[in-house]
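> So you can see what is in the structure, the chains are spelled out below.
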Amino acid sequence: MITFAIFFFFAAIAVIFAAVVVLHRNPVVGALSLVASFFALAVMYVLLEAPFLAALQVIVYAGAIMVLFLFVIMLLNLQHQEEPRTRPVQQFLGYTTSAAFGLALIYYLAKFGVTKLPEGPFVSDARTVGIRMFEAYIFPFEMVSILLLAAIVGALILSGRTGAIPPPTGENKL
Amino acid sequence: MIPTHWFLILSAILFALGVCGVLTRKNGITIFMCIELMVNAVNLTFVAYARQFHQIHGLLFVFFVMAIAAAEAAVGLAIFISLFHHRHTIDVDEANLMRW
Amino acid sequence: MHGIDWVDVGLSGLKIAIVLGAMLNVTPIMVWVERRGSALIQDRPGPNRVGPFGLFQSFADALKFVLKEDMLPAKANKVLYTIAPMFGLIPALTTIAVVPWGRPFLLPGGRLFEPIIANVNIGILLIFALASMGVYGIVMAGWASANKYSLFGGIRASAQMISYELSLTLAAVSALMVAGSLSLTDVVWRQTGSFVLFNTIKLPAWNICSPAMWMSFIVFFVSAFAETNRLPFDFAEADAELVAGYHTEYSSMKFALFFMSEYMAMATMSALITTLFLGGWDVPWYNEPPTAFGFAVSVLAFLVKVSIILFIFVWVRWTIPRLKYDLLMKLGWKVFLPMAVGNVVLVAWFIAKRWI
Chain X
4 MITFAIFFFF
14 AAIAVIFAAV
24 VVLHRNPVVG
34 ALSLVASFFA
44 LAVMYVLLEA
54 PFLAALQVIV
64 YAGAIMVLFL
74 FVIMLLNLQH
84 QEEPRTRPVQ
94 QFLGYTTSAA
104 FGLALIYYLA
114 KFGVTKLPEG
124 PFVSDARTVG
134 IRMFEAYIFP
144 FEMVSILLLA
154 AIVGALILSG
164 RTGAIPPPTG
174 ENKL
Chain H
4 MIPTHWFLIL
14 SAILFALGVC
24 GVLTRKNGIT
34 IFMCIELMVN
44 AVNLTFVAYA
54 RQFHQIHGLL
64 FVFFVMAIAA
74 AEAAVGLAIF
84 ISLFHHRHTI
94 DVDEANLMRW
Chain E
88 MHGIDWVDVG
98 LSGLKIAIVL
108 GAMLNVTPIM
118 VWVERRGSAL
128 IQDRPGPNRV
138 GPFGLFQSFA
148 DALKFVLKED
158 MLPAKANKVL
168 YTIAPMFGLI
178 PALTTIAVVP
188 WGRPFLLPGG
198 RLFEPIIANV
208 NIGILLIFAL
218 ASMGVYGIVM
228 AGWASANKYS
238 LFGGIRASAQ
248 MISYELSLTL
258 AAVSALMVAG
268 SLSLTDVVWR
278 QTGSFVLFNT
288 IKLPAWNICS
298 PAMWMSFIVF
308 FVSAFAETNR
318 LPFDFAEADA
328 ELVAGYHTEY
338 SSMKFALFFM
348 SEYMAMATMS
358 ALITTLFLGG
368 WDVPWYNEPP
378 TAFGFAVSVL
388 AFLVKVSIIL
398 FIFVWVRWTI
408 PRLKYDLLMK
418 LGWKVFLPMA
428 VGNVVLVAWF
438 IAKRWI
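Residue numbers (the working numbering), protein chains in the order written: chain X, 4 to 177; chain H, 4 to 103; chain E, 88 to 443.
Keep in mind the hints are simulated off the structure, nothing from the lab. Fair warning: there could be bad hints in the mix.
To be verified - In silico DMTMM-like pairs for lysine to aspartate or glutamate, Cα to Cα no more than 25 Å straight-line: (1) E:440 - X:138; (2) E:289 - E:375; (3) E:421 - X:138; (4) E:102 - E:375; (5) E:165 - E:349; (6) E:102 - E:92.
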């Protein structure tokens, strides 16, 4: 009973803040709403009996990736840039396509929904995940670490300033 | 016990919102955030099915997806920063040097 | 769902009341300790007018905060400006929920009273998750104030916090590896008892007494300073350089909330340091019985250890000068992170060799 209340409350939070991300003009407000949405998703993971993953979601997504987004927005001073209006035909097509796609997905998921769960508890704590990671999934694990190294090097090189940087003008009214 | 297809429907709604954002917005950072939203919707699907079948492979896949999404966010934002330095605008329609 | 166990709910409510009361009272006590302690170190009397030994100074400060005018800068983003101090408070108040503060003992009805609010499997990950949320309070405060200095202070503070979160996490991992579990109750239970050195000296089995943990203790201790924005790492609220950093534009109760959240985060970090390295509620060389007496003695031991660490926080603040920002970041990434990773490898070797 109370799990249903928690589910609906946090699902509403996730959807509402995701809608704010999609619709609001200001990217800082969008980034902070996305953080709230990720937090609600972490609660969903707890409801799905995966608390380890919920903590990881908050630590990695809400705590690191979104801070990176906020840094980039604030350091490039993007909140003062006016985003030009999207062409009406693009807006109309975008909304209708995504709405149709979403409704089709929801229809088929509701039609073929399964409600029976297997017996027994779902063991999803850190110990089990760790053992499985280092036994069956050791190769993807090492590959992801190399990929992260490549990402670090790539980000460093790409953001190195090679073009001319405009001198700070007086328009940057903070 | 919350039925699994409720979680899948929530995931579908979030994914559709992400698609809407990517198709409709012009701000590069907002498009990135909608991509992250889509990735998270998929993560939720994985975890829902992991619980449905009591398999831990779903959780491990989410683990890897999170790591890769972090790498992708870092590199994508670096690309966006260098784009911004050259064009001084955040409109992705302005990144059109390779248009035929 | 079966009937609710009301005794359980009542006991949880009691635990929450006790811990919340303790956390909310940390700030006035620490304000007094800070001001008298700094006066002691700087060879001056300190506040001694308001009450005996200046003990009621905190009440005077609280009254001042309540009576000041609550401003809102004209160009500030109203919503974010208002909720930023709350984001600072949330990690400070919620992370203490997974720290065990006493020995579990048997109540008269045969029920086990566990003095920890939330005994979850993933104990310490919750602390790291909520500590990452604290960064947002600072970033939002700096940005929403519509002030250049606040923005710089906010960005610097958040960059510092996320850099030192890494070394904090890895230094804690070495203590967790020894315990074999993420739950802090298991970490403390592992540190009860004692081990014998050279067949004569009986040392308590605290994590700090084993040489594999010394590096990670130092890394964790210093990273705790960086996480709570205390000197020598408080470049974000540097009094002389940045006016007041990210809380320049805040006054009265909102500033008081930032102030309180800093002291509460300090208290939580001290509680974490004692739990991970100093044995938590364990009284050295004494086997506490699972009775109310053992519980009281263990709570006393916990409070003594936390108080000692809090005093060291104050002591370091008034002794060591502030670190320059680029040196601070170099220290975090180039010194502490390799040290913490090296210590994880060292502890793994010790565990493999069964020395620990």
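> Evaluate each hint against the coordinates.
Do the hints match the structure? See the list:
no.: 1; hint: E:440 - X:138; verdict: holds, 22 Å
no.: 2; hint: E:289 - E:375; verdict: holds, 17 Å
no.: 3; hint: E:421 - X:138; verdict: violated, 31 Å
no.: 4; hint: E:102 - E:375; verdict: holds, 21 Å
no.: 5; hint: E:165 - E:349; verdict: holds, 23 Å
no.: 6; hint: E:102 - E:92; verdict: holds, 16 Å
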